[in-house]
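J.: Kindly generate the complete structure, drawing on both the sequences and the hints.
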Amino acid sequence: MTFSAQFSTAITVEWMKFRRAAVVLITTLLLVVGLLALCGGLLYAIQTGNPQLIAKAGPMAAAGGWMGIFAVASQVVPTAGLLAFGVVAGWVFGREFTNGTVIGLFARPVSRTAVALAKFTILLLWIVACTAGLVFSLLLLGIALRLGPIDSGILSFAAKLTIVGVLTGLLALIAGLVATWTRGYLSAIGTTIGVVVLAVIASFVGVGGWFPFAAPGIWAAIPSATVPSTTMLIQLLAVLPVAALIAALTVRAWRRLQL
Amino acid sequence: MLDHLKDSAIRLQGVSKSYKTLRALENVDLVVAAGEVHALVGLNGAGKTTMLRVLLGVIEPDRGSVWVRGKNVARMASSDWRGVGHLIETPFAYPELTVRANIEVAALLSGVAQKQAQRAVDSIVDEMNLGAWAGQRMRSLSLGNRQRVGLAAALVGEVQIAVLDEPANSLDPAGVVLVRDAIRRRAHEGAAILVSSHHLDEVARVATDITVISTGRVMGALEPTGIDLERQFFALVEADARSTAEALHTAESRATA
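Protein chains in written order, with our numbering: chain S, 1 to 259; chain A, 1001 to 1257.
Since the hints were derived computationally from the structure, they do not count as laboratory data.
Remember, it's a predicted structure, so these values are computed and weren't measured experimentally.
No residue lacks a Cβ here, since even glycine has one placed at the ideal position from N, Cα and C.
Watch out, some of these pointers could steer you wrong.
Claimed, not checked - What the simulated footprint calls covered on chain S by chain A, stretch by stretch (three residues with Cβ under 8 Å from a Cβ of chain A suffice, anywhere in the stretch; the number is not a length):
| hint | region |
| --- | --- |
| 1 | 103-109 |
| 2 | 164-177 |
To be verified - One-sided excerpt, in silico: chain A residues whose CB lies under 10 Å from chain S:
| hint | residue |
| --- | --- |
| 3 | GLU1060 |
| 4 | SER1079 |
| 5 | THR1090 |
| 6 | ALA1093 |
| 7 | TYR1094 |
| 8 | LEU1097 |
| 9 | GLY1111 |
| 10 | GLY1150 |
T.: Take a look at the structure:
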């Protein structure tokens, strides 16, 4: 069996499990529907002139309209995305240990390397699809609320939010590595929460941009959809090697796994 | 030596494994040839499951070597595992999938081509009498039926080597007969079967060879058709207990001298 045949089989098997998993469905719905409800609710509160919520939403969101929707989403996606994507990434890898199925992945013509790569591939596709679905739903919400025509400025905000969501998802893959190292998904979920807390602390103390887990959130908080500064761009691009390292370490751990 | 190794489907040679101070396996030799049903019997904690885990590469031995169809497990390519089915500890089944889907997953991971997978699944579902539950999700099944699914996952496709840890666990009498027949059928077709059990009566009905293991050591063999197997089994286990006690006593005497 060639490696490409192993990978193809592993993709088929992982997709069978992924698409039927309640945790994936619930997390996707919570992320997309929850964010829509939050954006819609905040816009409604702003329109009705609730001073407390206007203060909490910040100046950009308080302006309402398309800007308000994307301002709220930009605040929520880096944190909620890290949690949601982290929970699913941790579950995808950790459930094999928790359910006791990992032993069934030994002594197979489809290697554990192929299985781990297939898990990452499915997760990446889901993260991209989830983020795209989220942004598309926000655009539909704006249309439904008659916030005005979608111009290039709105599309720039949409593109920025998509990039923020995908970068956040890439970072959340660390939950898969922790789940593998600790042989279960509970510690992976704990780690995800810990990473969120660390990202917030890093932002507060002013080093957030150089802490890759905080960089997408810091960029998202900048009230502009223009191309980021060179420093910010480097900080954002640093997410890619970090994610690649996480993936490489996870695949290595799966290849060398001993129970 | 290599020619000899090639003759056997499974061979463990001088295998030892310890967990910190706990000796799990000590200098274990075992050979299973094609067409044999080889049973490992021992009390709980004797080292049966550890031996099966070492055989499948789940853990590496501290010493010794493990060979499957003439290939050293430590250096085996994943494709060399084609035709090897196993059930160790937990049935290989995902709660969110149906019985059919679970067996299909096992078939695909065992190297059964996607085009042939449905036929292979149909065949094993029929053999394990799982038709009535084929569309049900695993989480809704009884313990016995989960075990049947685990066995189906281990035996789906053209199995040349089957490694089964306590295959009759949780099964009702009808299930036990099904498993017995499935094992016999595959051995008759030339497969090498290694089963572990602590039910002597059950393994005596199906095994061609019985190896007794105690505190990680091979204590001897029993003849499946022999009389009063239970008494012979306990004689071997007690011999192990005596030799362990004597060794401890000698060590203590040397330490105090």
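J.: Indicate, hint by hint, whether the structure satisfies it.
T.: Outcome of the hint check:
1. Restraint check on the region 103-109 of chain S versus chain A: 7 residues with Cβ-Cβ distances below 8 Å, three needed, restraint holds.
2. Here's how the region 164-177 of chain S fares: 0 of its residues keep a CB closer than 8 Å to some CB of chain A, so the rule of at least three is not met and the hint is violated.
3. Taken as an interface hint, GLU1060(A) checks out: its beta carbon lies about 6 Å from the nearest beta carbon of chain S, inside 10 Å.
4. The interface hint given for SER1079(A) is met, as the beta carbon of that residue sits about 4 Å from the closest beta carbon of chain S, less than 10 Å.
5. A least Cβ separation of about 3 Å between THR1090(A) and chain S falls short of the 10 Å threshold, and the interface hint therefore holds.
6. Restraint check, ALA1093(A) versus chain S: the minimum CB separation of about 7 Å is within 10 Å; hint holds.
7. Annotation: interface hint on TYR1094(A) holds; nearest CB of chain S at approximately 6 Å, less than 10 Å.
8. Taken as an interface hint, LEU1097(A) checks out: its beta carbon lies about 6 Å from the nearest beta carbon of chain S, inside 10 Å.
9. For GLY1111(A), the interface hint holds, since its Cβ comes within 10 Å of a Cβ in chain S; the closest pair sits about 4 Å apart.
10. Interface hint status for GLY1150(A): upheld, as the beta-carbon distance to the closest one in chain S is roughly 9 Å, under 10 Å.
Comparing the model with each numbered hint stated earlier shows that hint 2 is the single one that does not hold.
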